[in-house]
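Protein chains: 2
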Amino acid sequence: MSTRTGKQTVVLSNPPVVIGGAAIVGKKEGDGPLARYFDQIIDDEYFGEKTFEKAESRLLRDTLAKTLEKCGKSAQDIDFIISGDLQNQCTAASYAFRDVQVSFIGIYGACSTMAESLALGAMLIDGGAAEMTACMTSSHFCSAERQFRYPLEFGSQRTPTSQWTVTGAGCILLGKQGNGPRITHVTCGAIIDMGIKDANNMGGAMAPAACDTILRHLQDTGRSLDYYDLVLTGDLGSFGRSILTRLLKDNGVDPEGRYEDCGCMIFDLERQDVVCGGSGCGCSATVLSAYILELMNQKKLNRVLLVATGALHSPTWIQQGESIPCIAHAVSLENIPE
Amino acid sequence: MSTRTGKQTVVLSNPPVVIGGAAIVGKKEGDGPLARYFDQIIDDEYFGEKTFEKAESRLLRDTLAKTLEKCGKSAQDIDFIISGDLQNQCTAASYAFRDVQVSFIGIYGACSTMAESLALGAMLIDGGAAEMTACMTSSHFCSAERQFRYPLEFGSQRTPTSQWTVTGAGCILLGKQGNGPRITHVTCGAIIDMGIKDANNMGGAMAPAACDTILRHLQDTGRSLDYYDLVLTGDLGSFGRSILTRLLKDNGVDPEGRYEDCGCMIFDLERQDVVCGGSGCGCSATVLSAYILELMNQKKLNRVLLVATGALHSPTWIQQGESIPCIAHAVSLENIPE
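Same order as they appear, the protein sequences are chains A and B.
Taking this note's numbering, the leading residue of the first sequence gets 12, the next gets one more, and so forth.
Taking this note's numbering, the leading residue of the second sequence gets 12, the next gets one more, and so forth.
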């Protein structure tokens with residue numbers, strides 16, 4: 012049974028456990044600093060399929076299979092698959108799970124989707140509606156480019172604030188019981204729109220949403236930021252990260268030394284020509300499901316606040332001159348001593 | 012605290028209550044048989060905005076305001092807004108709630124979204140994560156046509172199995188306590204794809220998903236279909252309704268006399284030139300939030316199984332030759348004697 016604390020935070024009384032996770036990524040991600048943590052690195056952007064969209068869908072399907080295999084579970088152990096992606100109408104997920112006879116909850120939170128999925132999964136388990144949930148998201152550089160920007164063939168120039176959509180899928184299997192890190196609190200964000208209209212500056216657009224959710228989480232829980240070993244934003248990239256750092260400082264919270272961003276971790280920003288770093292809901296999903304989970308299982312990290320951010324625009328609304336509404340959901344992952 | 016029964020059904024131990032609801036619809040819907048139940052009928056497809064997409068977003072925003080006004084509540088009483096729509100990247104909802112400082116959970120289930128929203132809201136309330144949720148969806152004929160099919164200016168012919176996307180938004184305010192009908196069970200569907208590739212035959216594509224979820228619900232709960240006064244599909248339309256009727260009979264369940272479809276109710280199929288009837292997630296949302304809720308409050312209906320169905324395709328995947336994955340979520344609404 013969950014309880015609420017403060018305005019936006021839910022306390023999970025029997026904190027659901029991260030039973031395990033897996034991540035499959037693209038070639039470029041497999042050339043980055045976190046390569047050895049990923050379960051599989053695919054050879055090309057098509058992954059044996061005929062289109063980028065189908066390749067992304069297969070990333071999700073295979074990542075679920077890999078997670079179940081690692082955890083010694085079968086699909087029939089799962090009560091809900093909670094998943095979404097960046098494709099038009101969330102189709103990577105819908106097509107991925109056609110052959111898995113499990114209740115499916117489709118979600119959309121742009122790049123915040125992984126935290127949204129974990130938040131929902133944790134609340135459903137703690138509330139008794141599920142024993143086990145698969146929380147997953149994916150993104151794919153090529154499907155996202157033609158969905159949100161231009162076809163790859165157009166060869167558009169990248170602006171100084173742009174980011175590189177991660178090709179990859181991550182899955183976390185959450186359960187009622189087990190030995191892994193637990194989700195103790197979730198803070199689901201409200202929509203924040205500070206008027207930024209440049210769809211190539213998502214880090215700048217999303218940083219205020221991350222700030223709002225972090226401050227709300229701290230206020231609701233009575234915690235200070237140094238309660239956490241790591242505050243991990245989803246994909247603000249280097250530009251958004253610097254804005255969030257300043258916004259937090261302006262609000263009397265100093266994140267130095269305990270703040271990182273998945274978008275800055277998954278690529279080598281000096282070497283890999285990704286401008287401000289990674290983005291896409293596959294970014295936080297893969298970094299969390301592979302690298303962070305490993306560090307938590309090794310007790311190198313014991314308290315992590317995942318704050319995945321999403322830019323909730325579409326090409327249509329941007330073409331109509333609108334700004335970018337953003338959101339950030341926070342999930343508190345903690346190793347709790349037995 | 013919720014419990015599970017059978018493979019896909021959740022029993023809500025303290026069934027959340029429908030505190031109230033509202034629906035705002037377009038001119039064509041306001042010319043249909045249910046006109047007098049709707050809270051507002053807008054004059055034109057633009058609703059004072061410059062684009063169809065913005066008009067749809069305003070439908071959601073105004074429907075929330077109307078619901079809160081009718082229920083004597085304010086936005087700050089709501090713990091979660093759970094909402095989605097058919098626009099590319101669910102933008103009607105994301106843009107609608109930019110100025111409402113409430114935790115937002117974005118969902119996507121195509122035309123099944125209203126049941127998905129109610130299912131999630133009910134589980135979150137019963138599990139203690141929320142005291143009150145606003146469950147909402149919208150669709151808009153003009154934004155859906157250019158999103159899924161062709162621009163209106165193209166003047167495409169409608170095929171014999173086509174449906175007419177409802178312009179409208181519906182909102183149900185769910186709470187822990189109150190006097191309205193209660194949500195006692197939810198059965199979240201698995202994805203079903205029977206290989207239909209015609210995006211103008213969504214009723215036919217979705218009917219097997221509705222059948223699967225209804226049979227699953229009956230099996231999980233041990234109920235027979237005549238437990239319900241009304242089984243209400245979201246928007247199969249007349250063609251899909253006839254297929255579902257046959258599929259249920261083939262499985263030994265006779266729905267005659269207690270089965271209706273929102274898509275066949277919201278328009279006069281003889282007079283209004285909508286071919287097989289209404290569709291879009293605004294269809295079940297407005298029929299439920301206005302007409303069905305009124306009948307339940309008057310005790311003319313006491314046990315309703317809402318089964319909203321969704322076609323989870325996108326234009327991209329259809330152009331790539333794929334079939335249509337479908338889903339149906341069921342929510343059991345019951346007047347429970349004091």
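Be a bit skeptical, because a hint or two may be false.
One copy or two, it doesn't matter: identical chains are merged, so the pair holds either way.
As the list claims (entries may be wrong) - Heads up, simulated BS3-like pairs for lysine-lysine below, C-alpha to C-alpha not over 30 Å straight-line:
1) 310 x 81
2) 311 x 61
3) 84 x 208
4) 208 x 260
5) 208 x 310
6) 77 x 260
7) 39 x 187
8) 61 x 18
9) 18 x 77
10) 84 x 18
Treat the hints as calculated values from the structure; they're not laboratory data.
Hints, verified against the model:
For the identical chains of this complex, residue 310 and residue 81 are intra-copy neighbours only, at 20 Å inside a copy versus 52 Å across copies, given an alpha-carbon limit of 30 Å. In this assembly of identical chains, residue 311 and residue 61 lie within 30 Å of each other by CA distance neither inside one copy nor across copies; the values are 41 Å within and 54 Å between. For the identical chains of this complex, residue 84 and residue 208 are neighbours neither inside a copy (45 Å) nor across copies (33 Å), given an alpha-carbon limit of 30 Å. Proximity of residue 208 to residue 260 under the C-alpha cut-off of 30 Å is restricted to the intra-copy arrangement: shortest distance 25 Å within a copy versus 54 Å between copies.
In this assembly of identical chains, the alpha carbons of residue 208 and residue 310 never lie at most 30 Å apart, being 42 Å within a copy and 50 Å across copies at closest. Taking identical chains as interchangeable, the C-alpha atoms of residue 77 and residue 260 are never at most 30 Å apart, the minima being 41 Å within one chain and 40 Å between chains. In this homomeric assembly, residue 39 and residue 187 never come within 30 Å of each other (Cα to Cα): the closest approach is 36 Å inside a single copy and 49 Å across copies. For a Cα distance limit of 30 Å, the shortest separation of residue 61 from residue 18 qualifies neither inside one copy, at 47 Å, nor across copies, at 35 Å.
Taking identical chains as interchangeable, the C-alpha atoms of residue 18 and residue 77 lie at most 30 Å apart only when they sit on different chains, with a minimum of 23 Å there against 38 Å within one chain. Taking the shortest alpha-carbon separations for residue 84 and residue 18, only the inter-copy value of 16 Å comes in at or below 30 Å, while the best intra-copy value is 37 Å.
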